[in-house]
Amino acid sequence: MLRATALSLGRALVIAEIVSGKVSPATLSAITAASKVGPVAVLVAGASAKDAAQALAKVESVASVLAAVGEHYSHGLPEEYAPLIDAAVKANGYTHVFAGTSAFGKNIIPRAAARHGCMPIPEVTEIIDENTFVRHTYAGNAITTVRSSDKVKYCTLRGTAFERAAADGGSATVADLAPTPASGKARFVEDLLSTSDKPDLMTAASVISGGRGLKNGDNFKILEELAAPLHAAVGATRAVVDAGYVPNEMQVGQTGKTVAPNFYLACGISGAIQHVAGMKDSKVIAVINTDEDAPFFQIADYGIVDDLFKVVPALTEKIKAAGAK
Amino acid sequence: MFRSVPHFVKVAVCVKRVVDYTVKVRVKDNKVQTANSKMSVNPFDEIAIEEAIQLKEKKIADEVVAITIGTKKAEEVLRTAMALGCDKAVHVVVPDGAADSMEPLAIARVLQKLHDEIKPDIWLLGKQAVDGDFGCTAQLLAGLLDLPQGTFASKVEVRDNKVTVTREVDAGRQVVELSMPCVLAADLRLNTPRFPKLPNIMKARKKPIDSKDVAALGVDIAPHLTTETVTEPPTRKAGVKVKTVDEFYEKLREAKVF
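These protein sequences, in sequence, are chains A and B. Take the first sequence: its letters are residues 1 to 325, numbered as in the working numbering. Take the second sequence: its letters are residues 326 to 583, numbered as in the working numbering.
It should be emphasised that the hints constitute simulated quantities derived from the structure, not laboratory data. Errors might be hidden in some of the hints.
Claimed, not checked - If the Cβ cut is set under 10 angstroms, some of the chain B residues that face chain A in the computed set are:
id: 1; residue: Phe333
id: 2; residue: Glu428
id: 3; residue: Lys487
id: 4; residue: Thr552
id: 5; residue: Tyr574
Just so it is clear, the structure is predicted and the values come from calculations on it, not from any experiment. A virtual CB, placed ideally from N, CA and C, is assigned to each residue, including glycine.
Just chain A, same shape as in the assembly:
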């Protein structure tokens, strides 16, 4: 009987990730997921936590915001975040601690869980009830439902599986959380970020990806030319990242980023399990490949067996022409 009502008895804490002053899309997805287990508190930490807290207070479904001000939180170091999360959980008795599945969330959540003797549940794609979660294993080839016996559930939520909470419409209370002392064990040195004005791979509505068929890094230009009028992001396979054609953060797959855009166009990609794991939840999949036996055709909604160097520029022309009309 308890089970039926317990869903509203949960108290969820979402650890916010702030990227260049804005709440990350992964955090907004985690907030939606968290609202399924009970009232949502959000923890934001950093030198400018106060400003970020104001933005988070307006996010839909957020009941309260905790702001911990401290420069030592500014770079997402898990050595600093884990004790802070611990203090928040002890003070307020949260039953769930959530973060988005990003490099930030994956780094922090398990460390915080360890301090509490809990087993983290990474990359949750569905919440069945307050104890039961769905996640993918074996590169997405098995979907596993697990029930946790832990007092506090530490989860990262796969952003592509949950709608993002709207950035306005909420009116949460904001409270200060006393910062924990700096650990001194790890020191932030620098960020080497790729500066790009192009749409973000994880959040773009359309993604155009290139594989070995592109032959070299320069040829990715033709994908970018097609991506521009579509406002699409450009992705890549591990093979071309390893070959140094494009930077690592463009990699889609089991070991790279998981995307689920409205439209995924795969150019010169065979469709290995590890790549498909990162994009098979895309709504519409189209494939351009000269090899008609490429495994990718087995999951593609639309396929063309032809040379990408012919098809991609031709598509770009057609889209530009249609847009000019």
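With chain A's structure known, arrange chain B on it following the hints.
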């Protein structure tokens, strides 16, 4: 190079035996069917091993200990690790039925226990195992031991008792400096693993493996997660193949993707 290092460091590298990454597993009877599948060293652990032996070749590390926690058969991954250059190995033997249900938290607790005995300066793990896809053992171990962590590492430099780690993050890379001892988790970008040579495979057979029974360690390895169901993902049906670019464009237009 090694002049700037005050003392040699000891590296513990953790290896898992998993279903080979090229195998497409099947789900049957509410379980992933792994019997008779080809097994290999987890690809990220191969990278961790390579990094450990490169640290030895650079005269930064003086000893590399390979560790696995698994069934009797898991010994083969330790032989591979030693053929690649690890000096010795520790095998925490888990009974056949229990190995599959061992969670990253249990693994981390066993490693925590071994920490007092092995006393490594650097723990090197892969960033995730390609079967469970949890990707959290390194963070759990670092949390349990309260050591700094360098996850998704694509570059590791050891100097003056500090480890500078370049980490792969969503928007690029981040550089952090950790004090030793520390826990590192290897990303794909860290290095390209070498292949073991036949004479080294032969020599590895003679290298020592310290075999321990998991029950004798006195660590709580009971699972916290109960698997309720395992299913195959919904299959996507193959769509249509078209002949011309015009047709391709029209189809995509109809699908309203642009």
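- Task: Return the numbers of the hints above that this structure violates; sort them in rising order.
- Result: Violated: hint 1 alone.
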